[in-house]
Amino acid sequence: MIERSLYPRMAAAVLALLGLLDAGYLSLERLLGDTGGLVCPIGGGCVTVQSSTYATLLGVPVAFIGVTGYAALLVLALLSLSNDRIAGVRISTLLLALASVGVLFSLYLSYLQVGVIGALCYWCVVSALLELGIWGRALLDRRLVRAERGGSA
Amino acid sequence: MSTRPQRGRAIQKSNPLRTFYIIIGVVAIIGIAALATIALRSGQSTASPSALLNRPPLNAPTGRTADGYYYKGQLNAPVTLAEYSDFECPFCGAFATGLELMIDRDYVETGKLLYVFHDFPLQQHPNAVPAAEAARCAGDQNAFWPMHDLLFATQDQWANNRQPQSQFVSYAQQLKLDSGTFTQCLTSGKHTAEIAKAQQEGGQIQIPGTPTFVIDGKQYNADQIRRVIDAALKK
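Same order as they appear, the protein sequences are chains A and B.
Per my numbering, residue 499 is the first one in the first sequence, and the count goes up by one each step.
Per my numbering, residue 4 is the first one in the second sequence, and the count goes up by one each step.
Isolated chain A (complex conformation) (with noise of 0.2 Å):
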């Protein structure tokens, strides 16, 4: 049984299952081409965003690599409420080191609609809000999980 606050795990649970819902999301537009939008905004938008040259990275649509992202927080967060490590590794470090992968990617892909496609797509910047959440919590997951050692030791 785990012997601390269990909230940070539980909070980046659910932050990552919407980040999954929100890639899923662009996937399916990705996939569908428009699907319930009616109109394009003036200064652009997810359909500007996602029929740019740089919404695929190693020809993988990055909606895609948002989904496996985020699915792999997600299977990691949920096993993290009953077990401290997998095959040895703690888990609150591999939470920490893909959600810091996951923050370095967003801010790559905010810059790129900010500062070179000069649109900005709603939900890209919900799942980059969502990014920086789950690694917030990951981080605090890691002190409690520190502090605890620095008190048992």
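Hints are computed from structural coordinates only; laboratory data are not their basis.
We treat Cβ as the ideally placed atom computed from N, Cα and C, and that holds for glycine.
Hints should not be assumed to be uniformly reliable.
Stated by the list, open to error - Sample of chain B residues facing chain A (criterion: CB under 7 Å; computed from the structure):
id : residue
1  : 23
2  : 38
3  : 212
4  : 223
5  : 227
What the hints assert, rightly or not - Which chain A residues stay away from chain B? Per the calculated CB distances, all over 12 Å, these:
id : residue
6  : 523
7  : 570
8  : 606
To be verified - Computed spacing ranges between beta-carbons, pair by pair:
id : chain 1 : residue 1 : chain 2 : residue 2 : range
9  : B       : 226       : A       : 583       : 50 to 56 Å
10 : B       : 21        : A       : 569       : 21 to 27 Å
11 : A       : 595       : B       : 173       : 49 to 55 Å
12 : A       : 605       : B       : 54        : 41 to 47 Å
13 : A       : 602       : B       : 33        : 26 to 32 Å
14 : A       : 605       : B       : 31        : 26 to 32 Å
15 : B       : 26        : A       : 623       : 44 to 50 Å
16 : B       : 227       : A       : 630       : 35 to 41 Å
17 : A       : 580       : B       : 226       : 43 to 49 Å
18 : B       : 44        : A       : 558       : 24 to 30 Å
19 : A       : 630       : B       : 238       : 48 to 54 Å
20 : A       : 580       : B       : 54        : 51 to 57 Å
21 : A       : 569       : B       : 200       : 48 to 54 Å
Keeping the supplied structure of chain A fixed, place chain B upon it in accordance with the hints.
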């Protein structure tokens, strides 16, 4: 760093976790249902470029309004609709290859609706202005609406082309226009100022995006116009 006492304590495996699993399960189910709805709704879209290209010629008068916008329908029709549109906007394309066909059949060709096309090229679409010029250059040869249809039906073929002009010339040839006159019109920027003016006018009435439809001074999106036209016809 402080954690609240009840959270800092050992979490009993049964209760809080079970509540959490229920919550996250419900969120997952709602989210998946929403995504499925979006996927299904998109599959029902009636947009079809071939339907637009293969329809019989429009059975309605066409021309230019006094302030320089192309229209289709009877000038004395009871309802006037202005579409603010961008040839490169995918949603304008979806409208032109879908709902607009029904609007033409049910309202424009039956004399109930005067349909006016306002250019509103958006800054994020680099080919929107050249396409608007192509439509107006075709309009000089009485072929605005055939070019309008052709541009929307082939949108994905020219939207990402950095030099779409040669494609537009081939469309003019396809419509049996005088390609020399058309090319001259396109390269000289004959209609650039008119398009900029149209864009400015759209900005003045705060058109939020394309396509936006204006009936009796009020703005609507594509989903609403059928209902609004029907209501206006009953007045």
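Practice item. Check the following: the C-beta atoms of residue 630(A) and residue 238(B) are separated by a distance inside 48 to 54 Å. Key: holds (52 Å)
Review point. Taking 44 to 50 Å as the hint, is the beta-carbon distance of residue 26(B) and residue 623(A) inside that range?
Key: Between residue 26(B) and residue 623(A), where Cβ atoms are some 25 Å apart, the hint is violated.
Practice item. May I ask you to test the hint 24 to 30 Å on the CB atoms belonging to residue 44(B) and residue 558(A)? Key: With a Cβ separation near 26 Å, residue 44(B) and residue 558(A) satisfy 24 to 30 Å, so the hint holds.
Check your understanding: Given residue 227(B) was flagged as interface, is its beta-carbon under 7 Å from a beta-carbon of chain A?
Key -> violated (9 Å)
Exercise for review: Please test the hint of 21 to 27 Å on the beta carbon pair from residue 21(B) and residue 569(A).
Suggested key: Between residue 21(B) and residue 569(A), where Cβ atoms are some 23 Å apart, the hint holds.
**Study point:** Least C-beta distance between residue 606(A) and chain B, which was stated to exceed 12 Å
**Key:** Label holds. Min Cβ-Cβ 20 Å, cutoff 12 Å.
**Study point:** CB-CB spacing for residue 54(B) and residue 580(A) relative to the 51 to 57 Å hint
**Key:** At 55 Å between Cβs, range holds.
Review point. Against chain A, is residue 212(B) within 7 Å by beta-carbon distance?
Key: holds (4 Å)
Exercise for review: Mind checking the CB of residue 223(B) against every CB in chain A and telling me if the closest is under 7 Å?
Suggested key: violated (10 Å)
**Study point:** Non-interface label on residue 523(A), tested against every C-beta of chain B at 12 Å
**Key:** Non-interface label fails for residue 523(A): nearest chain B Cβ at 6 Å, not farther than 12 Å.
Exercise for review: Hint says 41 to 47 Å; check whether the CB-CB distance for residue 605(A) and residue 54(B) agrees.
Suggested key: With a Cβ separation near 44 Å, residue 605(A) and residue 54(B) satisfy 41 to 47 Å, so the hint holds.
Check your understanding: Between residue 605(A) and residue 31(B), does the C-beta distance stay in 26 to 32 Å?
Key -> Hint holds: Cβ distance 28 Å, inside 26 to 32 Å.
Checked against the numbered hints above, the structure breaks hints 4, 5, 6, 15 and satisfies the rest.
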